[in-house]
Amino acid sequence: MAMVIVPAPLRDLCGGAARLDVAGATLEELLRNVDALCPGFYGRVIENGQVRPEVAVAINGEAANYPLFEPLSPGSEVTIIPAIGGG
Amino acid sequence: MTTTERSPYKVIGTRPIRPDGVEKVTGKAQYGADVRLPGMIHGRLLRSPHAHAYIRRIDTSAAEKMPGVLAVLTHHDFPAARDEMQELGEGAVNLKELSDNILASDKVLYRGHAVAAVAALSPHQAEEALKKIVVEYEVLPPVLDVMDAMRPDAPLLSETRFTREMTGQKSEKPSNIASHLQFKSGDVEAAFAEADAIVERDYTTKMVHQGYIEPHNATASWNADGTITIWTSTQGPFVVRAQVAEVLRHPISTIRVIPMEIGGGFGGKIPIYLDPVAALLSKKSGRPVKVLMSRTDVFEASGPTSGTHIALKVGVKDGVITAVKADLAYEAGAYAGSPVGAGALMMLSPYNIENFQIDGYDVVVNKPKTSAYRAPGAPAAAFAIESALDELAHKIGADPLELRKKNTAREGTRRVDGTAFPRIGHEECVDAALNSAHYRSPIEGPNRGRGVASGYWINAGMQSSVVAAVNTDGTVNLIEGSTDIGGTRASLAMQLAETLGLPFDVIRPTVADTDSVGYNDVTGGSRTTFASGMAVHEAGLDIQRQMRERAAKGWGVAADAVSYADGRVTLKTDSETKELSFAEIAKKAASTGGPIVGRGSLTARGAGAAYATHIVDVEVDPDTGKVTILRYTAVQDVGTAIHPSYVEGQIQGGVVQGIGWALNEEYYYDDDGRMANSSYLDYRMPTALDVPMIDAVLVEVPNPGHPYGVRGVGEVPIVPPLAAIANAIADATGHRFTSLPMSPRRVVEELHGLS
Amino acid sequence: MARTQVQSRINGVDTDFLCEPRQSVLEVLRDELGLTGSKEGCNNGNCGACSVLLNGRVVNSCCVLGVELEGAELTTIEGIGNPDKLHPLQQAFLEEAALQCGICTPGFIVSAKALLDAEPHPDEHRVRFWLAGNLCRCTGYDKIVRAVLKAADQMPEKV
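Chains as they are written, first to last, in this note's numbering: chain C, 1 to 87; chain G, 88 to 842; chain E, 843 to 1001.
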């Protein structure tokens, strides 16, 4: 199980839940499983097989260009954050 | 100074002379503008005098007939761009906006927006020809300030821009607000209702520039075989390659980008401005073309960082920060993409706060498109929260550092996006500041005051790729693809020397072009010493393995029977010990299997966040408004300092940029959208005379995510200074400044109630 | 535009060149003579990256015309030290890590040399005052000032 932390604007999709414990060996699987609980969630994060340009996925707090097949270890925390650029 | 105990390393932590140093102190190092090629001609750009206008017609016929002119270019020469987002390096960009920002198509969105280009035999001939280009504009009212741009009746930069929500919803009407984001937790209103003390204020910062001394430049050759070679100063040659490929719709494999030495960037040399122009001018003229920006071009038409407006309310109860409500509005410039997301994500990261609601708005205005500037988005957010915390500390009678310590984030504290922090070093920074000689010293004298502030930056990992080739004389050529903006040849060579157990000076680092090394993300996000360092370590281990195999083969034993340490391969049996040095194995490579080459190629994870706490003493002259920095101490968790001098240098440089941002720097516009201070004289960055020595205190908490404990250090030093200085001025004068810059004029006006 | 012949002495070498009357010394150095160690940061005398010594005096080469070099003696960064024997300032800049990107470094070294030539043992404030015409955006000046003070320690007493 990984923990998905639902951003405030998407909580309506998830019955108000702020956190969800969901199974998933990869990011793709995890987000699909969240989508099953919260229909529409997947499309808010992924578009054309990629993380949407205006958001980023952070795994355990680290924002990175995670591919959808990024393996998730149990207990991982996944959050959806705004896209960030560094100087 | 450092607080390190005995180091386990031989090379890491020492301060050798950087490999590229002699070339740079003798004037021999080749920067972008130094490129000279046979047959090379010179390109210059015509820029819009208006901040907001439709382009109705461009007539270049007279310019084409001017002496020495070999090519003229407008947006019509660019291939049609697709209106879609694409990931091209550091963050996604809209391809049409990328193309339009390089040469405007139908509309100019800021003064300085390029509309045409000329290539001629000499720069002066090109400049004269520009004057002959006729552009008919239909001038529109500009909108220059973030709050004005958000008004429903504001002039629209684009009729087709709608406000995007994180839910994917779009606003019904077009808007200058490109997007809205939100972080929310707990019950903010209830927490405010129970608070002992509340501070509620609006904070503003002005658009400021990175200020790198080297203007943007690009030299391009459109070769006879259809390939393109580009020489340029950039933080990311692979990003240049990707963006040029998209703008010109040219195959990426036929573009070679040669990164020249780079004269500063701080995030501003990630986007491209001139490269496709130089390439197309070269195609049209059949000559290599060098294009340079002037200093005014750099101010008006590169990528500064956002002016901001932050409405903030903070509540405390029993010394605990219980509630924060923040609305952050950041100027994106002409196209969407301000760093408001980073500001919103990071502003509360030094603290553990249960109830908050943070809303962020990305807003377009008729100013240049912003780009990254050192910890993009974070300094303005920290200016707001760290100023408010200072005021709260005074209200409740707490020491401002003790308030920060009491509320500090620790391992397990949740960031505003909900993630639990791993091991972090904020509390250590606050403790080091509390225990510093500076903080324990008295601050005395009239008009003097002391301020403190903390800051956070997330740091990046991303992709790095290196190759290390062993020479027969026992030296190693390290081929890397991260442009060296401040000593990374040294910090990477030191990590390879450490891995191989060799002295520093046998490693010869070279920054290679895009044809000569694997893909590397930009030198940015405080990532190079961290991520490219991991790749270097991997390459070193690869060489170790090959060295063991060669030696073992010669001794007729299995490779796992031998060990590598301190630059030697050793075979120990009960009866004997055999040894071969690195140099001996290197010398015999030809007869033991050929060249020994190590490689490291990875996506780095585990960057770990950076924290800093700063202390500053100021003196304010109440008559002139001049603020003098008397003393400055910057405490930072740096992981492991590979080359402590360059770590200190990053901190000192970031602090002084922050001092400039706090006290003097701003884009000053007239009502028509003309920047009135687009020269160094009028923009007025700090000089040597404006600042004291900056005491950098390195707290070394090794980052578990890196083989040598490296943590990115470059960006966070610019986060605390704005608030630290405002807090010091408040301490000195009793007046709270909430708008930057705290320039002499503003200080006098506010202290004497003249504004 | 007609070009003028100019006779000068640059870094100890008699140097004749042709230039347009509108070309600055910086343009002549960089574009005509291939001496690219002097850098253009602003082209209006604000940043000091193009500092050179004109008859022993520091000037911003972007603000002097090439034709003004007639009969003049010019020293650029290329005329200070060499890889075999660096000037004490150059050595001190390396040892003190007084450069990051390095673009301002030639100007600082030229300017600081003029200071030490005239005043071998300046104090910190004097160094800061003298160098206020040279902008650096990377270092915060701390290590630059230390490097100049360190080089000053090695200067002989003025006779």
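By construction, these hints were calculated from the structure, which means they are not laboratory data. Treat the hints with care, as some may be off.
As a list, the in silico DSBU-like pairs of lysine-lysine whose alpha-carbon atoms are at most 30 angstroms apart [said to hold, decoys possible]: (1) K927(E) to K183(G); (2) K927(E) to K115(G); (3) K659(G) to K640(G); (4) K992(E) to K219(G); (5) K927(E) to K152(G).
For each hint, the structure was consulted:
For the given pair, K927(E) sits about 53 angstroms from K183(G) by alpha-carbon distance, which is inconsistent with the 30 angstroms threshold. This hinted pair checks out: K927(E) and K115(G) have alpha carbons roughly 15 angstroms apart, not beyond 30 angstroms. Between K659(G) and K640(G) the CA atoms are separated by roughly 15 angstroms; this keeps the pair inside 30 angstroms, and the hint holds. Simply put, K992(E) and K219(G) have alpha-carbon atoms about 54 angstroms apart, too far for the 30 angstroms limit, and the pair is violated.
Restraint check: the Cα-Cα separation between K927(E) and K152(G) comes to about 52 angstroms, which exceeds 30 angstroms; the hinted pair is violated.
Going down the numbered hints, you'll see the structure goes against 1, 4, 5, while the others check out.
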